[in-house]
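So the chains spell out like this:
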Amino acid sequence: MRHLMNPLDFSVEELDKLFDLAADIEKNPEKYAHKCEGKKLATCFYEPSTRTRLSFETAMLNLGGSVIGFSDAGSSSAAKGESVSDTIRVISCFADICAMRHPKEGAPMVAASRSSIPVINAGDGGHQHPTQTLTDLLTIRALKGRLDHFTIGLCGDLKFGRTVHSLVNALARYSDIHFVFISPEELRIPGYLRDTLWDRALSFEEVIRLEDVMPKLDLLYMTRVQRERFFNEEDYVRLKDFYILNRAKMERAREDMLVLHPLPRVNEISVEVDDDPRAVYFKQVQYGVYVRMALILTLLELV
Amino acid sequence: MLNVGKIEEGFVLDHIPAGKSMSIYYHLGLDKLDCTVAIIKNARSNIMGKKDIIKVECDINMLDLDVLAVIDHTITINVIKDGVIVEKRVLELPKELKGIMKCRNPRCITSIEQELPHIFYLADPVRELYRCRYCDEKNTERF
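Just so you know, the protein sequences line up as chains A and B, in that order. Quick note on numbering: our numbering labels position 139 of the first sequence as 139, and the sequence is numbered without any gaps. Quick note on numbering: our numbering labels position 26 of the second sequence as 1026, and the sequence is numbered without any gaps.
This is chain A alone, in the form it adopts within the complex (with noise of 0.2 Å):
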């Protein structure tokens, strides 16, 4: 039985299956309807999150399964001091599958070792949000037609934001990948993020200014800036500009650039950009769907 922590959990080898997979169940959806009827899916978030869990949700009932859970701490047993070991042992009688979403870090990861069912780690804290970035993944191939050879930026929140550190990691296993990592001085990629490009001798560049570099840029990863991340409220006007990606940015970009999100987006993205057919970031929705189920298939043993 195996369970889905981390984006490395699975060889690239193992993506490529799982990514063929989902690429069918895009392509011939009737034929997957009713691969997971007598099946039932339990989304335990311990905390809200409408899109991830519904994401879930939505890709179970599209196998023809069930699906049975609680949407925030309050609703569980939880509230009433119920440690994840116990919770997870009792889910294991209910449900066939279970996707978590915990604020502790590592939660996820205590219920899959108590548990008699595989368990899909959906977002534990700032730590890992392994379908996030499958969902990624599957954009780029689903729509480029390739994860190696090309030049993709990160612009916004680079130190906090867990979606770029676990997409930098995933694609750092690909080939020919030149990482260009765009933000302000106080959200620079995390030391040890460096490092490990470093280490493995990945090629990579840290830039300001986002105008700078949109010609070269065959995918552009975008992240929402915080005002409270800002030292002070001068730099935070000063900069915040730079950050929010419009027509007249789009206008420097390639033509075959994509622009994707993990969302929700608040003003890094102006609504100009969103009928422009190089902005996917609802398309990356969908494929979140299409990869869930991918997914739910492959733990349980289905394909």
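Hints should not be assumed to be uniformly reliable.
[What the hints assert, rightly or not] Where chain B lies over chain A, by a calculated footprint (3+ residues, C-beta under 8 Å):
no.: 1; segment: 51-62
no.: 2; segment: 97-108
[To be verified] Straight-line C-alpha distance at most 30 Å; calculated DSSO-like pairs for lysine-lysine:
no.: 3; chain 1: B; residue 1: 1102; chain 2: B; residue 2: 1020
no.: 4; chain 1: B; residue 1: 1098; chain 2: A; residue 2: 80
no.: 5; chain 1: B; residue 1: 1020; chain 2: A; residue 2: 80
no.: 6; chain 1: B; residue 1: 1041; chain 2: A; residue 2: 159
no.: 7; chain 1: B; residue 1: 1098; chain 2: B; residue 2: 1138
no.: 8; chain 1: B; residue 1: 1020; chain 2: A; residue 2: 159
no.: 9; chain 1: B; residue 1: 1138; chain 2: B; residue 2: 1102
no.: 10; chain 1: A; residue 1: 39; chain 2: A; residue 2: 240
no.: 11; chain 1: B; residue 1: 1020; chain 2: B; residue 2: 1095
no.: 12; chain 1: A; residue 1: 80; chain 2: A; residue 2: 159
no.: 13; chain 1: B; residue 1: 1102; chain 2: B; residue 2: 1032
no.: 14; chain 1: B; residue 1: 1138; chain 2: A; residue 2: 159
no.: 15; chain 1: A; residue 1: 240; chain 2: A; residue 2: 159
no.: 16; chain 1: A; residue 1: 80; chain 2: A; residue 2: 39
no.: 17; chain 1: A; residue 1: 283; chain 2: A; residue 2: 35
[Claimed, not checked] Part of the chain A face toward chain B, derived, beta carbon under 8 Å:
no.: 18; residue: 125
no.: 19; residue: 126
no.: 20; residue: 127
The hints are simulated quantities; they were obtained by calculation from the structure and are not laboratory data. Here the structure is a predicted model, which is why all the values come from computation and not from measurement. All C-beta atoms, glycine included, are put in the ideal place defined by N, C-alpha and C.
Using the hints, position chain B against chain A.
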């Protein structure tokens, strides 16, 4: 110069960096053993200048070598039988440590579920860096 006699059965921890012997004494739980323990501080050393030495008259198997390796894996262990050295053990950084260090990350699941064992894995042998198995936070505890 102060002389401390030979031991017949037991082990000698040699080449301890000067000043670290008391920390080792407590972390190895030597204070809880009912046997003879000699601690020599600031002994002269050709290689180190000054060093500490600990001599213990008990079975080597009562020693948790993992703890010792984390404190300083360059410490030499001489196993003594019938008054002579029968074995020299070299310490290696353990791949996993259980119940030795505590994760200090307030966002880690171990911060709210007290019964969980604190487990660290060796993330970088060159930098001697351990990370929490649950949250991947690096260990900051020093011995």
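Each hint tested on the structure:
Look at the segment 51-62 of chain A against chain B: 0 of its residues bring a Cβ nearer than 8 Å to a Cβ of that chain, fewer than three, so the hint is violated. Counting residues of the segment 97-108 of chain A whose C-beta lies closer than 8 Å to any C-beta of chain B gives 6; at least three are required, and the coverage claim holds. Straight-line distance between C-alpha atoms of residue 1102(B) and residue 1020(B) comes to about 20 Å, which keeps the hinted pair within the 30 Å bound. Distance restraint check for residue 1098(B) and residue 80(A): the Cα-Cα separation of roughly 29 Å lies within the 30 Å cut-off, and the hinted pair is therefore satisfied.
Proposed proximity of residue 1020(B) and residue 80(A) is contradicted: the alpha carbons are some 45 Å apart, above 30 Å. With a CA separation close to 45 Å, the supplied pair residue 1041(B) and residue 159(A) exceeds the 30 Å bound. Annotation: proposed proximity of residue 1098(B) to residue 1138(B) holds, straight-line Cα distance about 15 Å (limit 30 Å). Proximity of residue 1020(B) to residue 159(A) is assessed by CA-CA distance (about 37 Å); at most 30 Å being required, the pair is judged violated.
This hinted pair checks out: residue 1138(B) and residue 1102(B) have alpha carbons roughly 11 Å apart, not beyond 30 Å. The hinted pair formed by residue 39(A) and residue 240(A) fails the criterion: a straight-line CA distance of about 47 Å is larger than 30 Å. Pair hint residue 1020(B) plus residue 1095(B) holds up; C-alpha atoms about 23 Å apart against a cutoff of 30 Å. Distance restraint check for residue 80(A) and residue 159(A): the Cα-Cα separation of roughly 35 Å exceeds the 30 Å cut-off, and the hinted pair is therefore not satisfied.
Pair hint residue 1102(B) plus residue 1032(B) holds up; C-alpha atoms about 21 Å apart against a cutoff of 30 Å. For the hint linking residue 1138(B) to residue 159(A), the alpha-carbon distance of about 16 Å falls within 30 Å, and the restraint holds. Of the pairs offered as hints, the one joining residue 240(A) and residue 159(A) holds, with about 16 Å between alpha carbons and a cut-off of 30 Å not exceeded. The hinted pair formed by residue 80(A) and residue 39(A) meets the criterion: a straight-line CA distance of about 28 Å does not exceed 30 Å.
Simply put, residue 283(A) and residue 35(A) have alpha-carbon atoms about 24 Å apart, close enough for the 30 Å limit, and the pair holds. Residue-level restraint check for residue 125(A) holds (minimum Cβ-Cβ distance to chain B is 5 Å; threshold 8 Å). The interface hint given for residue 126(A) holds, since its Cβ lies 7 Å from the closest Cβ of chain B, which is under the 8 Å cut-off. For residue 127(A), the shortest C-beta to C-beta distance to chain B is roughly 6 Å, which falls under 8 Å, so the interface hint holds.
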